Amino acid sequence: MDRNTARRVVDVAAAEIERALATMRISGSPRPYYLSALVRDETSWTIQAKYGSLCTDVCDRKRNAYVDVRVGSYRNDQVRDGGLDDNDMDAESYGYIDLPWGSDANGLRHGLWRLIDARYREAVETLFDKKSHELTYRDGNRHLHSFRKAEPAVDLAWRELPAVDADHWRGFVERTSRKIKRYVDIADSHVEFQADQLCRMFTNSEGSRLIECSAIWSLEAYLWLLSSKGDAFPWTVRYTVTDPAELPDEKTFM
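If you're matching positions, the sequence shown starts at 338 in this note's numbering and goes up one per residue.
Everything labelled a hint here was simulated from the structure, so no lab data went into it.
Since this is a predicted model, take the numbers as computed values, not measurements.
Note that CB positions come from ideal geometry on N, CA and C, so glycine has one too.
Watch out, some of these pointers could steer you wrong.
[Unchecked claim] Once the Cα atoms are required to be at most 27 Å apart in a straight line, the calculated DSS-like pairs of lysine-lysine come out as: (1) LYS387 to LYS516; (2) LYS467 to LYS387; (3) LYS588 to LYS518; (4) LYS387 to LYS566; (5) LYS486 to LYS467; (6) LYS516 to LYS566; (7) LYS516 to LYS588; (8) LYS588 to LYS387; (9) LYS518 to LYS566; (10) LYS468 to LYS486.
[Said to hold, decoys possible] Computed beta-carbon distance windows for the label pairs: (11) LYS516 to PHE484: 56 to 62 Å; (12) GLY365 to ASP339: 42 to 48 Å; (13) LYS516 to SER545: 48 to 54 Å; (14) PHE484 to PRO585: 46 to 52 Å; (15) ILE363 to ALA490: 27 to 33 Å; (16) GLU497 to ILE363: 40 to 46 Å; (17) GLY365 to ARG537: 34 to 40 Å.
Using the sequences and the hints given, assemble the complete structure.
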């Protein structure tokens, strides 16, 4: 993920939100008054070695999104219980949260279109169910507004994340895990490196545009000691940081 790609994602999401507000409707049903899209692009590395030999070497990239579609009005919309059930795994929209991350924006556009459409239909259904419920049960919080309009927030500043040198970390886990062979009482062990780079891109119908990037790096040593009496003592040491410069070197780690 780079600056241009992140801004292109924001632009595509903004265009889809604008299109949906202008054209998305179901006859006899309310139109959306607010839409937002939070796109998360994540690349993760896991490199693990046991006794000097690599056993896991994986780099995985994925992109998904959370889309909020609200129908009704700022005073009273479909959201119930603070939206705690908005990510119901049984909902149709849950099957559309994964998005393409390739260079062609049409794949992203199509994925957002399907997700927004499903979320709209679910929102309409929930609003009608909420109104039906209110015919029988009194809502003591009806005087409270469902949502609040906010001034747009725009921050597209790009934070360049340190590159992951996979070759370096392969050598690191191989060398450090090999040293554990010296300790005959340790019956099992591994050394593992992990890194996660996450870029979040937020867009809404009120004009907000945000980009935020972060990373988490970690080193782990797992040791499983078997005593002479047959007692097992598992032990894990893990360093988790946001700056790779804070990770220990080989001498400190071992």
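Hint-by-hint comparison with the structure:
no., hint, verdict
1, LYS387 to LYS516, "10 Å, holds"
2, LYS467 to LYS387, "56 Å, violated"
3, LYS588 to LYS518, "16 Å, holds"
4, LYS387 to LYS566, "25 Å, holds"
5, LYS486 to LYS467, "22 Å, holds"
6, LYS516 to LYS566, "25 Å, holds"
7, LYS516 to LYS588, "11 Å, holds"
8, LYS588 to LYS387, "18 Å, holds"
9, LYS518 to LYS566, "21 Å, holds"
10, LYS468 to LYS486, "23 Å, holds"
11, LYS516 to PHE484: 56 to 62 Å, "57 Å, holds"
12, GLY365 to ASP339: 42 to 48 Å, "45 Å, holds"
13, LYS516 to SER545: 48 to 54 Å, "51 Å, holds"
14, PHE484 to PRO585: 46 to 52 Å, "47 Å, holds"
15, ILE363 to ALA490: 27 to 33 Å, "31 Å, holds"
16, GLU497 to ILE363: 40 to 46 Å, "44 Å, holds"
17, GLY365 to ARG537: 34 to 40 Å, "36 Å, holds"
Hint compliance for this structure: hint 2 alone is broken.
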